[in-house]
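Enquirer: Go ahead and model the full structure; you've got the sequences and the hints to work with.
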Amino acid sequence: MSKINERLKKLHTIALVVALAVFLLVVVYEIHNLDNNSKRYLSEHYISEGVRETGAINLVTSVLYDYRAFDTLGEATVILTAAAILSLLVPVSKATMLGTKFSIIVYQTTKFSIPFLAVLGVHLIFFGHLSPGGGFVGGVVLSIIPILLTITYGVEFSESKLKPAKKKLVEDIGAIGFILLGLLGVVTGSNFLANGQANFGPGNTGELISAGLIPYLNVMIGIKVGAGLAIIFNSLIKEK
Amino acid sequence: MVIPYVVVIILFSLGIYTVISKKNLIKMVIGFTIVESSLILLLILIGYKPSGTAPILDRQYEIVVDPIPQALALTTIIIGGSVTAVMLALVIKIYKRYGTLNVDELRKLRG
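Same order as they appear, the protein sequences are chains U and H.
In terms of full-length UniProt numbering, the first sequence opens at residue 1 and continues consecutively.
In terms of full-length UniProt numbering, the second sequence opens at residue 1 and continues consecutively.
Be careful, since some hints might not be right.
Dumping the calculated SDA-like pairs for lysine to any residue here, alpha-carbon to alpha-carbon at most 25 angstroms [claimed, not checked]:
1) K10(U) to N24(H)
2) K49(H) to E53(U)
3) K3(U) to V103(H)
4) K111(U) to P164(U)
5) K166(U) to Y216(U)
6) K166(U) to E156(U)
Derived by calculation from the structure, the hints in this document are not laboratory data.
Expert: And the structure:
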């Protein structure tokens, strides 16, 4: 009897999911048809005028750090909140971890790859307005360094090299620096987080120092995301 | 241009099925991440134009894909990662307190 009941329950679940899929099919069909008929004025404007208005070649960066920089501030706040919640939920101050001994190949490969990871992350951050990349991606690559140290050498070694208080300080510097750079726009008589409107000197497009505040905002977001993800990973892996 | 949308729907339905049918909490978290990745794929598909290049204008390009959905996809990835981390921390807390990850057993316990 219970077996039949269980089967019926499973059938019920599958029927629900199939009904949801049919509903989604209708919705997505509408989205698909929307493409052909309507013209997208906003994105057309960004594509035709974005480079001139912001000075950044990478249009995704110009959307993230100029047109919709307030959204980016919200994103950064989400990461800060997640790191704060994790350190509240898992408040282990003494770090220990069940570790396994790896062979020497793993240790040597980790040592060998860390400088390359650092260079790659910094390059992604600094060239965020010129090439694919940006603060978020570069920050994630930088946060791989403490994660690799934690996985191979154990959490004690990782936390003795990069102290949690220092990581928190770096994250706070990133968050406060982003807001201070945004306030620069207010000081010059424009909006909060304004960059193209406030005319911070777009420079020659295509050079490293160009696009006004965007490279500095990228640096702030990069160090913030890197430190935040490192804090999140270490607080998840710690145990008593 | 229809097949990618079907893939989005299949991924979304698979994720929802995982969330509502599995008993293990970690598998439910995995289901949430599957749903999230299907939505990222949908955002990228909305911005796609046939034979368009990436929105990095170092030369004059004829057709450039829409940059706004890509920026929104970045937002989705960041927030999804943070939410997954918080969910996993709550799962760790639940396991430490009750000693089980099974939803049915958790429901039988009081408190």
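Enquirer: Each of the hints needs a verdict: does it hold here or not?
Expert: Right, here's what the structure says about each hint:
In summary, the hint linking K10(U) to N24(H) is supported, as the alpha carbons are separated by about 16 angstroms, within the 25 angstroms threshold. With a C-alpha separation of about 24 angstroms, the suggested pairing of K49(H) with E53(U) holds against the 25 angstroms cut-off. Restraint check for K3(U) and V103(H): the C-alpha separation of about 19 angstroms stays at or below 25 angstroms, so the hint holds. Restraint check: the Cα-Cα separation between K111(U) and P164(U) comes to about 21 angstroms, which is no more than 25 angstroms; the hinted pair holds.
Note on K166(U) and Y216(U): the hinted pairing holds, with a Cα-Cα distance of about 21 angstroms set against a maximum of 25 angstroms. Between K166(U) and E156(U) the CA atoms are separated by roughly 15 angstroms; this keeps the pair inside 25 angstroms, and the hint holds.
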